[in-house]
Each structure stands twice: as structure tokens, then as C-alpha cells.
Amino acid sequence: MMTFALAFAILILVLALGIWFAAVLDGVFSRQLSGHGTVGLLAPFHASAVYLTQQRLRTEAPDQLNWFLSIAGYLSVAATGLAVVPFGPDLAVIGLDTSVVFWGACESLIVVLVFLHGWSPNAPLSLIGAYRYVAIGLPIMLPSMFVLIAVAIPAQSLDLRDIVASQETVWNVIRQPLGLPLFLLLGLSLTLRGPFDYADSDDLAGGTSAEDSGANRAGWQVARLAMLVGFSAVASAAFLGGYLGPVLPGFVWVIIKTLVVMAIVIGLSHLLVRLPVARMLGLIWKILLPISFLDLLWAGLVALA
Amino acid sequence: MNWIAKLAAKAPVPIFIARGPDAPDETDRLHLNPALTIVDTPRAASILLVAGTLPHALKMYLHRLHDQLPHPRATVFWHSSPTEPFSNAVEIAHGDDLASVLLRTRAALLGGERASDADVLPDEPANEWQGVGPHGQGGKGMMGGTPYGRPMAMTDDDIRDGLKLDAYTAEFGPFLPMLPAGMILKLTLQGDIIQDVAVVSPPYEDARKGREIRALLRLLGLPTLANRMLVENAHRDAGFKRLVTLSGVRMAIPPDLGRTHDGSDVRSRFEHLLKDPFSPQKPHLTGLDLGDLLEGREWQEAMLILNSFDNVSLRKICANTRTNADEDSSEQTSGGHENMDHSAHGGH
Numbered sequence: 001m002m003t004f005a006l007a008f009a010i011l012i013l014v015l016a017l018g019i020w021f022a023a024v025l026d027g028v029f030s031r032q033l034s035g036h037g038t039v040g041l042l043a044p045f046h047a048s049a050v051y052l053t054q055q056r057l058r059t060e061a062p063d064q065l066n067w068f069l070s071i072a073g074y075l076s077v078a079a080t081g082l083a084v085v086p087f088g089p090d091l092a093v094i095g096l097d098t099s100v101v102f103w104g105a106c107e108s109l110i111v112v113l114v115f116l117h118g119w120s121p122n123a124p125l126s127l128i129g130a131y132r133y134v135a136i137g138l139p140i141m142l143p144s145m146f147v148l149i150a151v152a153i154p155a156q157s158l159d160l161r162d163i164v165a166s167q168e169t170v171w172n173v174i175r176q177p178l179g180l181p182l183f184l185l186l187g188l189s190l191t192l193r194g195p196f197d198y199a200d201s202d203d204l205a206g207g208t209s210a211e212d213s214g215a216n217r218a219g220w221q222v223a224r225l226a227m228l229v230g231f232s233a234v235a236s237a238a239f240l241g242g243y244l245g246p247v248l249p250g251f252v253w254v255i256i257k258t259l260v261v262m263a264i265v266i267g268l269s270h271l272l273v274r275l276p277v278a279r280m281l282g283l284i285w286k287i288l289l290p291i292s293f294l295d296l297l298w299a300g301l302v303a304l305a
Numbered sequence: 001m002n003w004i005a006k007l008a009a010k011a012p013v014p015i016f017i018a019r020g021p022d023a024p025d026e027t028d029r030l031h032l033n034p035a036l037t038i039v040d041t042p043r044a045a046s047i048l049l050v051a052g053t054l055p056h057a058l059k060m061y062l063h064r065l066h067d068q069l070p071h072p073r074a075t076v077f078w079h080s081s082p083t084e085p086f087s088n089a090v091e092i093a094h095g096d097d098l099a100s101v102l103l104r105t106r107a108a109l110l111g112g113e114r115a116s117d118a119d120v121l122p123d124e125p126a127n128e129w130q131g132v133g134p135h136g137q138g139g140k141g142m143m144g145g146t147p148y149g150r151p152m153a154m155t156d157d158d159i160r161d162g163l164k165l166d167a168y169t170a171e172f173g174p175f176l177p178m179l180p181a182g183m184i185l186k187l188t189l190q191g192d193i194i195q196d197v198a199v200v201s202p203p204y205e206d207a208r209k210g211r212e213i214r215a216l217l218r219l220l221g222l223p224t225l226a227n228r229m230l231v232e233n234a235h236r237d238a239g240f241k242r243l244v245t246l247s248g249v250r251m252a253i254p255p256d257l258g259r260t261h262d263g264s265d266v267r268s269r270f271e272h273l274l275k276d277p278f279s280p281q282k283p284h285l286t287g288l289d290l291g292d293l294l295e296g297r298e299w300q301e302a303m304l305i306l307n308s309f310d311n312v313s314l315r316k317i318c319a320n321t322r323t324n325a326d327e328d329s330s331e332q333t334s335g336g337h338e339n340m341d342h343s344a345h346g347g348h
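Protein chains in written order, with the numbering used here: chain A, 1 to 305; chain B, 1 to 348.
Extracted from the complex, chain B is given alone in its bound form (with noise of 0.2 Å):
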């Protein structure tokens, strides 16, 4: 080992968190340990934690996610066994300690002994080159079109203020940190205005508890206050309260953002949390969809809507909302080269 791998060696295990339906409650907990670092971006990791069993539909994703940790990287399966093609994996054992394993694999990463798990996609483009147009990506002039099966951006009817920016389509999740976990969502963005939405796939069933006051203390630039919410009763603690208060909280979000039939906000639901955040509140959701919610808004104010719903209430949202099969099929009816892979762009 080098000077450097010894440095590193001393530091925090980055890993990014790709979480299953049936993950443990203890997964949010890993921000508490001193051990372990959750990083938002795999890129900043060395070891991809797969917490819980993956859906079949999202395997893909999982695949795609672990070409994007740089080397020397590890996988590590919690509470789930390796499936191919991460036959090289570590798998926790019961009773094993989840820390102490990753730090023993993340030394033998840096000291050589274990190697760096290699691609598990080949590294070319998803789609062939379809040479339309006179720039040989389709589309009009130098814009748009789908070189490769990526969508480029095009210049399209702003529904906002009439400036027309580059329209962008993209799908992004299911490991997002900003996302509900298993939450797929293809956007088309406007700069940072969402100005079309589709369902790829809902969020988990799964109610993790005050996952919602967390997610939206961290979308509004106070992460410390957020983690601080792991710590047992937090929201009982009256300084920690003072705290969100002189932040400026109530200012910031906007009002009648999220707003659905029953007149319940963003700013109410966030309310009802800081006071019970394990028992968010339940609108009235008949007839309302994604796209009522989100189109026209900006990013940061589109995650803060998204999150200010628990997983039950986000799915049957999801349920009114256009899919992504529904978009495909007429896209067919209407020809062209739109209809292609749009996968693996939007991130992580």
C-alpha cells in the first residue's frame, strides 16, 4: 500500500445506497455511523451497498448504476444475495457487522488484494448510430434528434415566460437520493422547468419511517437539521424546532405549492410533519395527477412537492398519472425516430 492508499485507508467508507423494496429500517441509520459515508452520486463512491432484493424491472438500473463507481470498487449485498452478474460480491452474512465488513473490503481494495469489480456493461453506445438528417442524428439543423438513442435537446414552446430554451427528455431514478426509492420518472425538462411528466415506475410500498421530513429538510439546503431528525425524538427537542424556525423554513416554501383538492399544501403537509413525522398527512387524491402537480414548476420546487407525500399516497398519485407504455404508443402512431431507448441518461 502507498502512502496515499494508507491516508485513505483512515478515512470514512463513501458508498452509494441502491435500495431495495425490503430494505432494512436500519439503512437510514448508516448516516449515524462514523464508519461510513452515504454519498448522493456513485461517482464519489467506493462501494455500491445493495440494501434489500431489487425488483426484477430495476436489475437494469443496478447494472447501469455499477459502471458508474469509479475504481477500485466493490459491491455489497445486505439483506439480499448476489444475483449475476455480481458473482464476485460480498454478501453480509447474519450476524455479521455491516461497518467493520466494508471497511475489511474497502483496506483490501486499496491494498490490492481484492480486485476492482469490472464493467458489467460493454462500454459503447445503447442504440446504433441512425444517420437522419443532415448532421446524422435527426432532428432539425444541429439540434435534436436522437444520436445513439440519446434524445438531444431542441428548442420548443416555453410554457412559462415565452423564451424558448432547449427541451430535454431524460428519465431519472430509481436510486436518485432525491427520489422515493424505486420512484422512476421520465421528465422533460426546460432548462430546470418540468414541462411534461410520465410514470416509468411508482415508489416501494414501503413506508419508511419519516423519510418525508428528512427528504424535505435536505431539499431545502439544511442537511445537518435533516440527519439530525435520525437522533430518537428530534422533533420533541425544542431547540432543534427553534433551529428549523430561524432557518426561514415557512419563507422558502412557496404557497399552494403541491396543493391538491382538499386545499392540503406543501407548507401544511410540512407542518403536520415537523409536529408527527411519522404519520404524514393524507389528502384527498381522487382524479389528481403527476402532471397537475408538477409540469410548469421548477426542479427544487418539483422534489418538494414529490416528497412531501408518503409512498402510499405518491403511488396512487402515480396510478392517475400517464405511463411511460401510454407515451410509447403514441409516439408509434406518430412516426419518427423518437421512439427509440431513451435509457441510461438520466443519471442514477
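Chain A extracted, bound-state conformation (with noise of 0.2 Å):
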């Protein structure tokens, strides 16, 4: 019971503190690309208030349950999906023998909110969104399975505290170097941003969020952020060791190690330019996908050797 209470205390911290600083260092990625701008420690929560301050507004004939569904969804799965990650040995929210398969469905349910989230205002450009997220939502999870599955082997067990373990003498980033770039990819389409963001895009004026306004605005745009954290989170376990770590104490490794992936992440989404959905189908089929299977029997090899 002390165990879970300080796993759960430690999983709002680190949710909390990363949502902060993923909208801060957002700002400063695009001060310093852009050339202009301002950085202000708190500018997210000035931000996050205008919109608590608006109308939430109604479109015509909405889903109203989906689409509050959808927002609650998907910060509940951003948070599923972080308490899976192990704090230290054994201090896990939620400590399960498979919780790299329950990642991956929470990986799968994150299409359909997403998918809900563009459909329920009953607007066109929202459910372009919808359409186009899920032709690229679905295949660019193909790829991270098989990474998954990949870094599985080693540890020989489905349980991220196992494969944090298995990492003792030597990183998964470095024992398996494709998985993590492959991981990133799915990480920028799970949060949707810059090249893997379908949903909600400048050249549909926002699509799927380009009805919310008022609170709705802003329980998604902090549930993105907070997919961002609990991705991150995941990533830092299953690639970069997890909580292992000298001196300092384990979750604070954890929550180091998922900063410098959310400025990855983060980075790579101001960079990389964002391809039409054909071109990017055909590069994850013939391109990624291939990887992805390179990646396996790597790793397969070098379990064998």
C-alpha cells in the first residue's frame, strides 16, 4: 500500500512537472527556429486561463458525450500509459506482467479518441482530421510493435520492469540502435505533432480541435502534453534504462531521462517537414515497416549469440 502511494504520488509529480515543462521548452524550440518570441516560465498556465475564461461553444448537432469522451480519454490513457512505467525496482502504479502489451493497447485506443475527437463537432475540416489520422495512425503502429516486441527479447518477459532490468549492463539504445528512432516517430504521432500530425494540422486550421473552444481547448491541448509525458516516460524505460541510474535516487532518473526525450520529440516536431498522406503511407510500408523487422532480427540474433 506505502509502495503504491508513493508510486501514485510520484506519477502526478512527474505528470504535472512534464506537462509545465513540455509548453515551456515548446516555447523555447520556437523562439529560437523562429527567431522571435517570448520564453515565460509561466506563460502556459496564462495561456491555459484564457481559455478557461472563454465560452465553451456548441457546433451544430455535436456528439456532445464523444466529444468530452474523447478529451477524457485520451489524457486517462496519456496517464494509463505513464503508470506502467516503473519508478524504481518494483514501484510501478500499476505493476503487470504483460504492461508492454497493455501499452500498445492503449497505443491502438488512442486512434479512436482521436478519431472521436474529430468526429463529434460535426464540422468538415474536423473530421478531415479524423479520416486522415487514422490512414496514418494505424500503419505507424505496425513499426512500433515490433521495437516493442524487440526489446522484449532480451529481458524475456512483457513487464517494463523486467526489461528495465535487463538493461542493467547495457541500454537498449544502444543493444537495439533502430528501435528508438522508430519509437520517436510513433511518439510524434501518438502526441500529434509536426510531421505525424494529421489530426490537427495548420492546413485545416487545427482540424480535429479547430471547433473547441473554452475548457474543451483546454483539456485538449493539456492531454497532449500529457501523452507526451506518459510516451516519453515509456520511452525512457524501455530504450534508456529506466530508473537505473548512479546516485541519484531511481524516479529521479526516470524523470530526467523523460525530459530529454520530450526535448527530442519535441525538436524533431519543429524540423521535420510533414509529408502528404500518400507519400507518407508509402514511406511507412516499403521504408519503416522494413526497418522495423531489421530491428526484431537484431535483436533475435544477438539474443541468440
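In short, the hints are calculated from the structure, not lab data.
Be a bit skeptical, because a hint or two may be false.
Okay, the calculated beta carbon distance ranges per label pair [what the hints assert, rightly or not]:
| no. | chain 1 | residue 1 | chain 2 | residue 2 | range |
| --- | --- | --- | --- | --- | --- |
| 1 | A | Pro-246 | B | Ala-99 | 48 to 54 Å |
| 2 | A | Gln-55 | B | Glu-232 | 37 to 43 Å |
| 3 | B | Gly-248 | A | Val-252 | 35 to 41 Å |
Here chain A is said to cover these stretches of chain B; the calculated rule only asks that three of the stretch's residues, wherever they fall, bring their Cβ under 8 Å from a Cβ of chain A [claimed, not checked]:
| no. | region |
| --- | --- |
| 4 | 42-54 |
| 5 | 212-222 |
| 6 | 249-256 |
Just so it is clear, CB atoms sit at the ideal spot from N, CA and C, and this is done for glycine as well.
Join the two chains, each given in its own frame, into one complex according to the hints.
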């Protein structure tokens, strides 16, 4: 009971800190790259206060229930992802023997939730974003599944706790060099960012969130950042040795590594181009998927050697 | 003021810009102002900024746009005077600083000293319910038809892979940020594929300096690099060019996209703009219409094609294209209930 309470407290801390940090970091990148703008440590709070003072508008004949569920669900899945990440040996909020499979299930739920978010307002631009996201969100999950199976091989377990423990001597990012880059692309898709932002992009004036206003808009934007935290924590556990590290307590290492992954994902989202859907589909099926097979083959051969 | 309003008053003012043909050149540079956030959708804005004088034909669109802002909201006229029904709007006088007026207006809204703008249009369907067919909306079964004057999606032959999806017709523009200002298109979409296009209104004649390259970069998912183009002489900066190259732009634009008769395509027009953002290529456009360019294209590709032309070229292409009026007269002869007001659902 004590360990659960401790793990839960750390989860809330990581989530809150991560969301704030992600919002600030986004500002820093955008300032550095565009050459103007200001970065304030309190800016994320001010921006969300603006949304909270605004009215929540209704569109014509919306699907109110699903609109709410998509936002609440996206946030919950983000928190659930974080909950399977061990903050120390035997210190995970959800200690599950099959946590990698559980995370895989979370990933596929996100496609459904983002689609619902675009479907619910009953508006054309949102719906186009929803259609498009499904077209890309589904196939990009395939490489991620192979990559996650590959990290389970050296641990001989589908439990993230065992996967972290298996990296005592060498981290998976070195043992399986193709894994993390592929997994980061999935992260861009799960968080609707940059090159994989087919749902909420500029060419659709905000896509699935074009009709969001007031608290709904605040909720969706916070959920996107929470998803970035959840994803980055899973990536740090699967590839960067999670809580393993000298001197500092385990959960501090988790936080540091999570923040590093977040910074990389945010950087990539500002720097990489977004391909038209047909070209992206070709890239995923013809190039990324074969690379993920190679990653799995590599992991298998290393395990046999 | 409660504590949330106090926090909100410290944030940049979210504004949505409705641009007229004579909008001042500084309009684009408002992106650089740290006191403002230019948002892409009226749903996220607190203030509707009308920049320049809108042509009479677009007034109706401004009214619809206005009602899509959440309360508390205000309308500010910049380089133009408020017209009916915006009697309560703020007008920026000569010599006033735009940002400080916007900040003051927003503070007054949050503090309750200024009343939020009331709706301009009545909150009711644009057309009456037409009881046609078994479910009242016309069309077949539970699909198609135009309940309350809004067309519903209806399965239609697909022009790409034979998969029959729902075709949906709506007007898009004139204030959508991804279309050149003033342009209104009536598009029939299947999913994200453009099936049919008619011109309701061409873009303004104005040549906003460097609009095309910034729009293309934004459409390619690089809004931060697009904003960098607003900094003086950014296109001469080697570091900036390197970032654009490394982002993979050349791989992203499909070959032969938006090809004109003389062989110019989006890729070549983009390359040209990257070298010289202020003098876009002038391809040969005789006989070329929007249908040739856009039909069968996916949404992002279609937006890339449109924004790769400057406004003068786009107006020439629009002049070659079927207009909304041609289409309505052909529908009249075919009878049926399609010929109702299709307005007001293409967003903003």
C-alpha cells in the first residue's frame, strides 16, 4: 500500500512537471528557430487561463458525449501509459506482467479517441483531420509493435519492470540502435506533432480541434502534452534504462530521461516536414516497416549469440 | 476580476484576423508581436480583428465568422470603420498603437467593464426543414439530401480507387488561414480528396509580399520556419536555408504536383520562392482551370497547389474555372432539392 501511494505521488508529480516543461520547451524551440517570441516560465498557465475564461461553444448537432469522452479518454490514456512505467524496482503504479501489451492497447485506443475528437463537432475540417489521422495512425503503430517485441527479447518478459532490469549492463538504445528512432516517430504520431500531425495541423486550421473552445480546448491541449509525458516515460524505460543510474534516486533518473526524450520529440516536431498522406503511407509501408523487421531480427540474433 | 481572469489578462491576446483587400502591410508582422497570438480558428480567439475594408459581398461571411467567437468577445476595426451591425466595435484611431488597444479591450472584457458582443445572426437554421423522403431530409434512405439547407454526405463514385465514400459539398473561405485571403471555393470532398471545385469568389488582387513561401512552409508542417521568414532578409540566411533543406522539404512535395502547361510545378515554384520570396514564378496559365489542378488531389496537396501561385496568377486560373453561378443554373434544370442555400458550414 505504501509503495502504491509513493508511486502514485511520483506519477502525479511527473505528469504535472512534464506538462509544464513540455509547454515551456515548445516555446523555447519556437523562439530559437523562428528568431522571435518570448519564453515565460508562467506562460503556459496564462495561456490555459485564457481558455478557461472563454465560453464552451456548441457546434450544430454535435456528439456531445463523445466530444467529452475523447478529451477525457486521451488524458486518461496518457496517465495510464505513465502508470506502467517503473519509478524504481517494484515501484510502478500498475505493476503488470504484460505491461508492454497493455501499452500497445493504449496506443491503439488513441487512434479511436483522436478520431472521435474529430467526429464529434460535426464539422468538415475536423472530420478530415479525423479520417487522415486514422490513415496514418494505424500503420505507424506496426513498426512500434515490432520495436517493443524486440526490447522484450533480451528481458525474456513483457513486463516493463523486467525490461528496465535487463538494461543493467547495456541500454537498449545501444543494444538495438534502430529501436528508439522508430519509436520516436510513433511518439510524434501519438502526440499529434510535426511530421505526424495529420489530425490537428495548420492546413486544416487546427483539424480535429478547430471547433474546440473554452475548457474543451484547454483539456485537449493539456491532454496532448500529457500524452507526450506518458510516451516519453515509456520510451525512457524501454530504451534508456528507466530508473537505472548512479547516485541519484531511481525516480529522479526517470524524470531526467523522460525530459530528454520529450525535448528530442519537440525538437523533431519543429524541424521535420510533414509529407502529404499518400507519400507518408508509402514511407511507412515500404521503408519504416522493413526497418522495424530488421530491428527485430537484430534483437533475435543478438539474443541467440 | 477573479484569479483566473487575472491570470488570463497576462497572456498574449488571441486574435483572429478577417483581412480585407486593403489590409495594411503590417498585418503579417503582427505574428512577431509578443502581446498577440494570431489564432487559426475563431473558436480560440477573444478578439476579431477586421483589417482593412471588406468588399460588400463578404460582409455576410464576416457576420457568420463573428458569431463563432466564444464569449467574452469583441470586434476591432483596423484601417477601416465599423459598419452595421458592429456599432459597438472598437475602431483604431490614427496614431493609436494596435497592440495596446487590443490589450486594453481584452482587459475590459475580462474585468466585465465591457459587455461581450452579442450575436449578429439569429441562432436558427439557415433554411427551413424540408420534409422530403422517408427521413425528412431528401436524399436516399438515411443519407444525402439537404436538411435545413445543409447538404448531408451521400455515397458517390470515387475517382481514385473505386472505394465509394461519402461525397460532401461545402463552401470554404474567405477567411480560412490556409486559403489566400478573400478566396471562397465550393468543394465537393470524398474524405480528404477533392472531387469537384467551383469558384465562389477569387482571392484579392493584392500582392502581399512573401505570402506564398510562408503559406507553403506552414502547409508542410513547418510553422516556426514560416514565421522566421517574417524576419528581415531571412531567406539570405544560410542557417535558415540549411534548416529548410534538412527538414526534407524536397522529398515532401510530390513531383509534378500542380503542373502547368509550361512544366512549372509546386516543387519548382517552391525552389524559386526559396531563392527569391518576393517575386514568384509566373507560369503560363492559358486554359488552365482549378479543376485541372485540384480534382483528385488530397487536401494538403490541394492547399500546396493553391498557395504556390501568387494572387494575380490565381485570379487568372479562377477566371478560367466554372463559377458557383454556372453550377446553380445547371442544378436548376435538373430539378430536385440540391439548389438550396449551401452556406455557412465550411467553417470560417
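Okay, the hints, checked on the actual structure:
Against the hinted window of 48 to 54 Å, the Cβ-Cβ separation of A/Pro-246 and B/Ala-99 comes to about 50 Å, which satisfies the hint. About 39 Å separates the C-beta atoms of A/Gln-55 and B/Glu-232, a value consistent with the hinted range of 37 to 43 Å. Range check, B/Gly-248 to A/Val-252: about 36 Å between beta-carbon atoms, so the 35 to 41 Å window is met. Residue count for the region 42-54 of chain B with a Cβ under 8 Å from a Cβ of chain A: 3. That meets the three needed, and the coverage hint holds.
Requiring three or more residues with a Cβ within less than 8 Å of a Cβ of chain A, the coverage given for the region 212-222 of chain B holds, as 5 such residues are present. Coverage of the region 249-256 of chain B by chain A holds [criterion: at least 3 residues with CB-CB distance below 8 Å; count 4].
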